[in-house]
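Okay, here's what each chain looks like letter by letter:
4 protein chains.
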Amino acid sequence: MKGRIKHPEWADKGRIKVEWAERHMPAIGEIVKKYLKTKPLEGIRIGACLHVTKETAVLVKALQQLGARVRLAGSNPLTTQDDVAAYLDSIGIEVFAWRGETQDEYFEMIKQVTEIKPDIVVDDGADLHVTLHEEKKEIAEKVLGGTEETTTGVIRLKALSKAGKLLYPVIAVNNAKTKTIFDNKYGTGQSTIDGIMRATSLLIAGKCVVVCGYGWVGRGIAMRAKGMGARVIVTEVDPIKAIEALFDGFEVMTIEKAAEVGDIFITATGQIDVIREEHMLKMKDGAILANSGHFNVEVSVSDLERISVSKRKVREYVEEYTLKNGKKLYLLGEGRLINLVAAEGHPPEVMMCSFSNQLLSIIYIIKNHEKLERKVYNVPEEVDTSVAQYILKAWGIKIDELTEKQKKYAESWR
Amino acid sequence: MKGRIKHPEWADKGRIKVEWAERHMPAIGEIVKKYLKTKPLEGIRIGACLHVTKETAVLVKALQQLGARVRLAGSNPLTTQDDVAAYLDSIGIEVFAWRGETQDEYFEMIKQVTEIKPDIVVDDGADLHVTLHEEKKEIAEKVLGGTEETTTGVIRLKALSKAGKLLYPVIAVNNAKTKTIFDNKYGTGQSTIDGIMRATSLLIAGKCVVVCGYGWVGRGIAMRAKGMGARVIVTEVDPIKAIEALFDGFEVMTIEKAAEVGDIFITATGQIDVIREEHMLKMKDGAILANSGHFNVEVSVSDLERISVSKRKVREYVEEYTLKNGKKLYLLGEGRLINLVAAEGHPPEVMMCSFSNQLLSIIYIIKNHEKLERKVYNVPEEVDTSVAQYILKAWGIKIDELTEKQKKYAESWR
Amino acid sequence: MKGRIKHPEWADKGRIKVEWAERHMPAIGEIVKKYLKTKPLEGIRIGACLHVTKETAVLVKALQQLGARVRLAGSNPLTTQDDVAAYLDSIGIEVFAWRGETQDEYFEMIKQVTEIKPDIVVDDGADLHVTLHEEKKEIAEKVLGGTEETTTGVIRLKALSKAGKLLYPVIAVNNAKTKTIFDNKYGTGQSTIDGIMRATSLLIAGKCVVVCGYGWVGRGIAMRAKGMGARVIVTEVDPIKAIEALFDGFEVMTIEKAAEVGDIFITATGQIDVIREEHMLKMKDGAILANSGHFNVEVSVSDLERISVSKRKVREYVEEYTLKNGKKLYLLGEGRLINLVAAEGHPPEVMMCSFSNQLLSIIYIIKNHEKLERKVYNVPEEVDTSVAQYILKAWGIKIDELTEKQKKYAESWR
Amino acid sequence: MKGRIKHPEWADKGRIKVEWAERHMPAIGEIVKKYLKTKPLEGIRIGACLHVTKETAVLVKALQQLGARVRLAGSNPLTTQDDVAAYLDSIGIEVFAWRGETQDEYFEMIKQVTEIKPDIVVDDGADLHVTLHEEKKEIAEKVLGGTEETTTGVIRLKALSKAGKLLYPVIAVNNAKTKTIFDNKYGTGQSTIDGIMRATSLLIAGKCVVVCGYGWVGRGIAMRAKGMGARVIVTEVDPIKAIEALFDGFEVMTIEKAAEVGDIFITATGQIDVIREEHMLKMKDGAILANSGHFNVEVSVSDLERISVSKRKVREYVEEYTLKNGKKLYLLGEGRLINLVAAEGHPPEVMMCSFSNQLLSIIYIIKNHEKLERKVYNVPEEVDTSVAQYILKAWGIKIDELTEKQKKYAESWR
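Those sequence lines, one after another, are chains A, B, C and D.
Residue 32 is where the first sequence starts when you use the working numbering, and the numbers rise one by one after that.
Residue 32 is where the second sequence starts when you use the working numbering, and the numbers rise one by one after that.
Residue 32 is where the third sequence starts when you use the working numbering, and the numbers rise one by one after that.
Residue 32 is where the fourth sequence starts when you use the working numbering, and the numbers rise one by one after that.
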């Protein structure tokens, strides 16, 4: 064992899992193929803090194949898949993670990652970045660059940058089009419906589904709920998005009005207290509440608790609240991201998009770190575009190219 | 304990399950409310052989509330939910069923049901009907009438009837519009997609889904796969259905051609050997095979075995076959009904339709048995229609009624 | 000139029109190709009464190519396209029709058709059939058989048959699946939306469209209105269809409720007085009323007139009614079939379906007239199916065929 | 007569047309209502060069109601609706336009507009702006500001600005979200399908429609073609858009491949020579070519001419080309914008969006001209948003507002 894991004997089970993911993330394979000869990561030490899942394994393997030495900690004490960790260990990745770490152990493992004095830092939520900046400045000073997977992490890093304290350039993988759109719209769109079906076992057709928020996530959910036969109502605070929803064929009204007619409510706003006491009190007996926003603050659980006389679990992930007014409301997954809680989160195809950006951004840093300043960068447009190109190639889909004449015509417009 | 069950201590867990189903099958409650005063089943003995699930419990409770004494066996040795059985036992239903019965035990329990000398016989697959006709003729002779839930059961009973051996009238609940259309199109449509998402964890959007058969089931699947963002190809043997598929926006081609481009194949034909060796050999590496037809004969598993050099399980319900040509194909749920194998089968709303037909057909028999002959009847049109009426009422949906003038106008056309 | 037409000099213009139709009705060409050698209509005299349009021309040409002598009258004094008539005349069809015939001229032309002593009688509305039965019995007695295109015509002929007065067998082309489904659902579905867009110039997206009736026509309209971005409400009197609408993703309510929220109302019920005074009074200022049912009785124009203080034409096919309550309602095409009034009726592809049934039914009568009785027959299932086969062939679409093993399996079920 | 028009006697007919548009552009009325008391345009001279249509009339009336003196020329010699011009004249607008102006007359009328020494200049294509800059500098110097409706016009003005020659600030109405998205996606989406149906009379269902380009316009067309039952193929040069199309359920391939299978081709790319000789030669006999891009350069008509042996008109707006290879291709509307050529262009609801931006931008200039520099501005975000708010208000649609707590939460993220 090169790192610290729980079940080295599960390596084989982990391998099969990872192979399934690998098969459905073929762009990663295409990128590896492209760079296998030149091995741009040869001799590079990569410190990573990511959810240790089958999809992450595909990324980490790719980094290793391109020459890097990788040390990996989990980015959440509860999300490590021990069989996947075992498999990675068996092929020489230094994994420091297991499911059920204590908080102390979690940060201890992150520190273990800093020990290899990484050239590149890959993070999901910025705990590793922050640890380096706060406790291991001398190591951080020598980092060539980093990447960050999440919105939250990007915000933390921008705060660091604004304060003039960021010690190396970071690419915000989160902001790539091929991450945000695919992930939010198509990934969350499907997996939210999936999560609700698993949690409730109910028929979507004929239900009135209220989607709060018509951003990327809300659009995806509304589109798929309609696709399963629901009547969909959209609520918004942005009048332009409201009209888009209307022209896309959805009804638009206030949450207050929607509260009276909805069967299933799904929040996707990025806001707090979107569904509140005053709405809950108007809901039909039996209404179902779910959230697909990042934090569990969109459905006000405290309001729900306050207006209820009792609660009980009626199915895995379904809590029944009996209100003072006698009605029952059903909260799914305690108001946490329903696609992660009750389903499997993003499909591997979606993680392929995200992790192709990771992989190419790392290679980009290696090639360009001398030109980069100590700030937070968006994924370069050429990287974003080439992610899409690798995906199309991997799926065998050919698209057109501009002719010379067309290129000139396009330029003449600028 | 009034019958024979395994875990009487699980009654409370079962009760919570049944309450969830009850809430989502409100038409049953409406029917009970309608008949609660007159109790048309007072003093009636009902022998039933059904899957002992939360939805069945709702039906059985309704029969009891309307005055009947009910004795229940499971209609499959592996499908009994022991907690539901315990709950039914706790409220006075005589249940003879547990998960994991041997074949002998299974038939022994069916015989236990005959012991109460039922006035009405409710069956799912006709094992109880056949047992009565073959081994308990003297009891069968006195039965007022029966119902049958499945296509298979109806076929067996029609054979009995044709041979002049049917001893009591049977209503083929299976053939009601409110059973067949809702169950096949909307129920199987959703649950098939659900089953495939659970089994594979993959993104449906962007996949090429090939649906074999454009009957009710195929229509439902095609509609929902499209709704989740797939490109859908339909294959058919009936030229009229083929054109309907085309006009509904789907591509239509032979399975042979579709084999070359499909990512996911779903059979829904009621036929055997729909996907065969010659098709499998043309499929893309990584293609996925699933079945939503009643029997596991639509994807030829024997062909698949024959052309493969090895197989292994890569996920729960996903078997990887490595073909002699080097490609890998993935068979879901061993070619069995994927919505039952990998998801939860029909949502309670769909079972409400089916079981409302059961309940009203039983009441119909009680009221009309003297006029009925010893043959297999379709559900009377008035029952079929009133099922829909109860459902609309339960959901609070009002529709129009013909005015007197319109009734006359309609008659003038006939 | 062989018959009586108005503008023989327009033949060339007519030819171009017919060629466009011919190109988009290729199944007719396929059928002709099949029978060109054997010429089953050689020596047969066909008397026809049909709308003289480019699509009818394609049918009539086909009859001629297969050996028939055809004499054609128009089936409505106002629908003859004089250029098409001229072209048909120029190729030897005896046409007796022009746009703007008087009522007397119209029936005189029908009588002209009877003069050739037809072996086969082809009709659209049954005026020719009835004329033969009432005024030319001696000719009717020798007719081998006839066909009828419309619901109305079939009703008239069934009345004749019931009274024991039908003098030759008639095939009700109207009742073929490949006529009814394709024509009503897909043909009327598209052309109704087309007609409303042309009449109003308005955006469908974001509108609330109320579809009254969820039969084949209503389904087609609801599907296409949704496809253009409308929110669709369905009203019904049949509870089963109401639930189908619900599960297809539409809202279902009474017309009374829908009246308050609809922007555009479309009737497709086959009933009278579907939208009445009490509904109109509740409608929003500016609501639009259209009909897609066969007769102009679905929107009660007399009610609308009664509750209005004035009316005026605001666009071609749009009449503005100012109600006593001050609101304005807009009636399209005087409540007549909006797809015919404001658009071009059925696309040629749809007429191909209908007229392939005509052509094959005529050949069927020639081959089987000795076995046929003097009654109204449905289109034989084999004809219906072969129409679909010819269409698929013409479009180059191949479908599967049952293997021998599958045929046996199918039989084993019966 | 205050200006120069052709048919003053048509004023009444024009009035009815404008009333229809007014009813369906209610946001304009809302804005007028808001500003009617303060009359912010009192004493302001507005010189406008716009297509003289019923929708433009609604804008011009609103300007007048808010106090402005308006002088209007047509922005194209062929698009003036003479009845609308007559009506505007009858209510005191100085109109200098008629259908069928010569090129000289056209520019003469534009000069007439400059004569009033406008404070505000409203233009569609920038001919008026350019005339002022080139020939009437002394007048241009005193202009407070201008607006521009089109992409082309914005490009011309930006060139002026870049050269340091722009004499007053201009707001690029074209770039507002409430203009671009609604106009391109929903307006062109619907009207393109409308135009193709009118031009061809064909059934969309079952056709293979190839949409070249998946920008806003292409998305709208693809969405609506699918909504009418077509199988839709998308071609793109941008790999990210290509994957979006794929995940939205469309097939993606090169034009070369699509050429072999498409029935109807629609270009919407903004590029030249998108469909070229090499593609045309591969197309199926009977394929139909249409364009929805701004210029008629997307389908290479010169290529089509070169590879053809003959052409003829077969329907209004349908030209049949017979190729040397014997196949026939059908070009709609000579490759010009099919929604304008064969249908009525944008519905009034869409013009309401665009013209609300015009109206509010003009008021914005009046209020802020002292702060504005001589450059091209985007529509201020607050104007864009308030357009959407006026529309929602006019349609009676209420949406949510952020609570104080939510506003703080939103700020805490920045």
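Do not take every clue at face value.
With a straight-line cut-off of 30 Å between C-alpha atoms, the simulated DSS-like cross-links for lysine-lysine are [stated by the list, open to error]: (1) K315/A <-> K173/B; (2) K208/B <-> K68/A; (3) K436/D <-> K313/A; (4) K315/B <-> K313/A; (5) K406/C <-> K429/C; (6) K406/D <-> K193/D.
Just so you know, the hints here were simulated from the structure itself, not pulled from any lab data.
Hint check results:
Restraint check: the Cα-Cα separation between K315/A and K173/B comes to about 47 Å, which exceeds 30 Å; the hinted pair is violated. Restraint check for K208/B and K68/A: not satisfied, since their Cα atoms lie roughly 64 Å apart, outside the 30 Å limit. Between the alpha carbons of K436/D and K313/A the distance comes to roughly 22 Å, so the proposed pair stays at or under 30 Å and holds. The suggested pairing of K315/B with K313/A is violated, with an alpha-carbon distance near 52 Å, which exceeds 30 Å.
Between the alpha carbons of K406/C and K429/C the distance comes to roughly 36 Å, so the proposed pair goes past 30 Å and is violated. Using a Cα cut-off of 30 Å, the hinted pair K406/D and K193/D holds, with the two alpha carbons roughly 9 Å apart.
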